[in-house]
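Undergrad: Each chain, letter by letter, is given below.
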Amino acid sequence: MRLALLLAALALLGPFMSEYGLKLASEALILGLYAMAFNLLFRQAGLLSFGQAAFFGLGAYAMALLTQKAGWPFLATLPASLLVSALGALIIGFFSIRLTRIYFTMLTLAFAQLLYAIAHKWYAFTGGDNGITDLRPPGLLGESLPFYYLVLLAFALAVIFLAALEGSPFGYALRALRDNRARAEAVGIDGFRHLLLAFVIAGGLSGLAGFLQGALQRSVFPDYLFWTRSAEAILSTILGGSGFFLGPAVGASAFLLLRVVVQAKTEYWPFFLGVLLLLMVLFFPRGLTGLALGLIKWPTEVRRGASGG
Amino acid sequence: MGIVNFAHGSFYMLGAYLLYAFTRGQAEGFWGGLLSVLAAGLVIGALVERLLIRPIYARPEEYQILLTYALLLILEDAVRFFFGAAYRSFPMPEAFSSPLFILGSPFPSYYLFLIGLAALFALLLWGFLYRTRLGVWIRAATQDREMLEALGVNVPLLYTAVFGLGIALAALGGAALLPLQAATPGMAVDAVISAFIVVVIGGLGSVWGALLGAVLIGLLQAFGILLLPEWAMVFPFGLMALVLLLRPWGLLGRPPAVRT
Amino acid sequence: MALLVAENIYRSFQGFMALAGVSLRVEEGSFHALVGPNGAGKTTLFNVITGRLAPDRGRVFFQGREITGWPTPRVARLGLAVSFQRAQPFVSMTLLEAVALARVGYQGKTFQLFTPLRHLAEVLEEARWALSKVGLDGAAQRRVSELPLGDLKRLDVAMALVARPKLLLLDEPLAGLSRAERRQMVEFIRGLLRQEGVTLLFTEHDTEAVLALADRITVLHQGQVLAEGTPEEIRQNAEVRKAFLGGAA
Numbered sequence: 277m278r279l280a281l282l283l284a285a286l287a288l289l290g291p292f293m294s295e296y297g298l299k300l301a302s303e304a305l306i307l308g309l310y311a312m313a314f315n316l317l318f319r320q321a322g323l324l325s326f327g328q329a330a331f332f333g334l335g336a337y338a339m340a341l342l343t344q345k346a347g348w349p350f351l352a353t354l355p356a357s358l359l360v361s362a363l364g365a366l367i368i369g370f371f372s373i374r375l376t377r378i379y380f381t382m383l384t385l386a387f388a389q390l391l392y393a394i395a396h397k398w399y400a401f402t403g404g405d406n407g408i409t410d411l412r413p414p415g416l417l418g419e420s421l422p423f424y425y426l427v428l429l430a431f432a433l434a435v436i437f438l439a440a441l442e443g444s445p446f447g448y449a450l451r452a453l454r455d456n457r458a459r460a461e462a463v464g465i466d467g468f469r470h471l472l473l474a475f476v477i478a479g480g481l482s483g484l485a486g487f488l489q490g491a492l493q494r495s496v497f498p499d500y501l502f503w504t505r506s507a508e509a510i511l512s513t514i515l516g517g518s519g520f521f522l523g524p525a526v527g528a529s530a531f532l533l534l535r536v537v538v539q540a541k542t543e544y545w546p547f548f549l550g551v552l553l554l555l556m557v558l559f560f561p562r563g564l565t566g567l568a569l570g571l572i573k574w575p576t577e578v579r580r581g582a583s584g585g
Numbered sequence: 036m037g038i039v040n041f042a043h044g045s046f047y048m049l050g051a052y053l054l055y056a057f058t059r060g061q062a063e064g065f066w067g068g069l070l071s072v073l074a075a076g077l078v079i080g081a082l083v084e085r086l087l088i089r090p091i092y093a094r095p096e097e098y099q100i101l102l103t104y105a106l107l108l109i110l111e112d113a114v115r116f117f118f119g120a121a122y123r124s125f126p127m128p129e130a131f132s133s134p135l136f137i138l139g140s141p142f143p144s145y146y147l148f149l150i151g152l153a154a155l156f157a158l159l160l161w162g163f164l165y166r167t168r169l170g171v172w173i174r175a176a177t178q179d180r181e182m183l184e185a186l187g188v189n190v191p192l193l194y195t196a197v198f199g200l201g202i203a204l205a206a207l208g209g210a211a212l213l214p215l216q217a218a219t220p221g222m223a224v225d226a227v228i229s230a231f232i233v234v235v236i237g238g239l240g241s242v243w244g245a246l247l248g249a250v251l252i253g254l255l256q257a258f259g260i261l262l263l264p265e266w267a268m269v270f271p272f273g274l275m276a277l278v279l280l281l282r283p284w285g286l287l288g289r290p291p292a293v294r295t
Numbered sequence: 646m647a648l649l650v651a652e653n654i655y656r657s658f659q660g661f662m663a664l665a666g667v668s669l670r671v672e673e674g675s676f677h678a679l680v681g682p683n684g685a686g687k688t689t690l691f692n693v694i695t696g697r698l699a700p701d702r703g704r705v706f707f708q709g710r711e712i713t714g715w716p717t718p719r720v721a722r723l724g725l726a727v728s729f730q731r732a733q734p735f736v737s738m739t740l741l742e743a744v745a746l747a748r749v750g751y752q753g754k755t756f757q758l759f760t761p762l763r764h765l766a767e768v769l770e771e772a773r774w775a776l777s778k779v780g781l782d783g784a785a786q787r788r789v790s791e792l793p794l795g796d797l798k799r800l801d802v803a804m805a806l807v808a809r810p811k812l813l814l815l816d817e818p819l820a821g822l823s824r825a826e827r828r829q830m831v832e833f834i835r836g837l838l839r840q841e842g843v844t845l846l847f848t849e850h851d852t853e854a855v856l857a858l859a860d861r862i863t864v865l866h867q868g869q870v871l872a873e874g875t876p877e878e879i880r881q882n883a884e885v886r887k888a889f890l891g892g893a894a
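Quick note, the sequences are listed as chains W, Z and G, same order. Following this note's numbering, the numbering of the first sequence begins with 277 at its first residue and continues without gaps. Following this note's numbering, the numbering of the second sequence begins with 36 at its first residue and continues without gaps. Following this note's numbering, the numbering of the third sequence begins with 646 at its first residue and continues without gaps.
Don't take each hint at face value.
[As the list claims (entries may be wrong)] If you want the footprint, here are the derived chain W segments under chain G, 3+ residues with CB under 8 Å:
1) 431 to 444
2) 452 to 465
[Said to hold, decoys possible] To give an idea of the chain Z side of the interface with chain W (calculated C-beta under 10 Å), a few residues:
3) L87
4) I91
5) Y98
6) Q99
7) L106
8) L108
9) E111
10) A113
11) A121
12) V227
13) I228
14) F231
15) I232
16) M268
17) L280
In short, the hints are calculated from the structure, not lab data. Note that the structure is a prediction, hence the values are computed from the model and not measured. Using N, Cα and C, we set each Cβ at its ideal position, and we do this for glycine too.
Using the sequences and the accompanying hints, generate a full structural model.
TA: Below is the structure:
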């Protein structure tokens, strides 16, 4: 319910935002979507993936290549983006999920870097470092406000989907696997298959985010696949608080705001990011959302204490 | 030790940059520089462990990964800040400027030095872990830290020391490679990934496996560059994928006791 | 009809022979106890039956069907439920959710992405039934993480029970329980499982309980079957007495 209100509010705000505001808001929603895809794996399945950029990039490149080289209409490339990124996740997941925990993490990173290297080198196909530019969606969607609504729609659908997933038997199965894999398997839950499906879903959603980002930025570069792009999803999630459903989305907004502010002052944004992550991990594991909720509860607890409760 | 250090590659990179800094890019300071890097690595590693890693031992593994990931970001930019993004190269030290002739073909003597160094350290590491009391303690600590503490061993200090040693070796590795391969901020992530591929192929948890994996990867890349230069980097991944399919615990690793 | 047959199972771990040619037949409707000192191979045999381990040699049959080497989830979905010695259930859920999920798992229906678990009426009903059978229905809405240790065991049994299993495997059901709790558990096992017609294979150290519950006993020693028979036969078996002298019995 609160979710519906939030989405409605975001929709209503649209016409009142400036051009710049709309672009920023769109980017925040896209990053939020991307981070929530990451958190599906991290929070529900207990899988820390350092390679979500692979699927983000696959989605973006699918859109870019099909519109530019094959002349496809923009919206028609959406299913293709989803398919390509989901397929990529199927392949990468198939290898990575066999390994446990840290090895899984490393393998996802390795595969993503491999894709980056391929995109970088395969000049003929991907344009290498020059990327694919001039990707303005035609017609109405080329304008900021309609595009914002497209992004909002995608975000809303994804979030509703993830919310449904959480309460579904599949969601419970993921959490069971995370809590105690052996016990979950003993009640008939096939660990590999469930985790792989989760990975594919997260991959597809990441691809959706990449698709939108490519259209927003009107260009796609190999750095869509670079490990720092994976880091954005992770950092947004940790910043916002991975333990909360919308935490990653909150974190994404904060992340973007910070980036805009910091990048205006210095070029050493990754350094700042690293320090931020360090502080969050050491001192604020529950993220901003946890911090905010703690602050909200604080007066009531103090009051209770004062009255001798 | 059960510590996941994502920033290991960063310290490898740091070692290279430090050697450059200590010697100011001059070949004469090479040997002294190497020793300084080793010492610096020990100190830095110990500090990092004491200040940053120790607080999160109790937390789930993922947080260690995230923390060291943060270090990766920090160190990469820090290096960029102090040294700039350009390649920093180092001239070949005098002692190795002429090749050795093996079986009639010239063989760069520095490569031999590196091979020898690697072999020496592999042997020292193995000997340390399996033949000294300290090594026994370390292996025991990875299995049952509390019991070791109960037996009176100062485990926190042990961890700090071992971590420092690990970092020192990484830094030394990076430094030793500097005459051959210029230092660049991006080398950290590439190194971590390469190291990881080596470990996966060679066997998780096996020291000899790491060596075997490294040799295989080296050979594969060399031949790859010969045959298909543009795609040479894909070959190690291909081998890794094959190993994962057929023997997921690596060539020299041990299959897990229980199927998960 | 033998519900479960293990034929000549061999399993070693890096040179240590945990099971050396163990055979076992569990008849339908019976309560079959697997006893032996620590290290005799009881848990290993359990793990082979449930699919956690693949045997080096030998075969396992369930209801006449070969299940050797089948992965655990597949075995579970056939109607073979296990409750572990050290219960560590799903701490993030409530009791009801945990048992309900178990039910869905055994049915093989966990790939539903859109229907909320709490809307699956039949599943919830079965879950409540299982919880009431172990006496935990009052705590159905409590979080598993809040449960005391003794109750965790009962929850674990409920999670096995909700499968309406044909064969139930209990690994040391009385471990860690007080004397009074043990008596309760024995009564529970005897009463409930007889009622539901569940075939039971269990391991136990508590001789009193074993003799009270079991129709048949298989004694394992150092990876081999030392003796097998009715409680009376086992009690009088000289070799068994020798092996157990001063043991954990």
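Undergrad: Determine for every hint whether it applies to the structure shown.
TA: Status of each hint after checking the structure:
no.	hint	result
1	431 to 444	holds (count 4)
2	452 to 465	holds (count 12)
3	L87	7 Å, holds
4	I91	7 Å, holds
5	Y98	5 Å, holds
6	Q99	9 Å, holds
7	L106	7 Å, holds
8	L108	3 Å, holds
9	E111	6 Å, holds
10	A113	6 Å, holds
11	A121	15 Å, violated
12	V227	8 Å, holds
13	I228	5 Å, holds
14	F231	4 Å, holds
15	I232	6 Å, holds
16	M268	6 Å, holds
17	L280	8 Å, holds
Checked against the numbered hints listed earlier, the structure breaks hint 11 alone; every other hint is satisfied.
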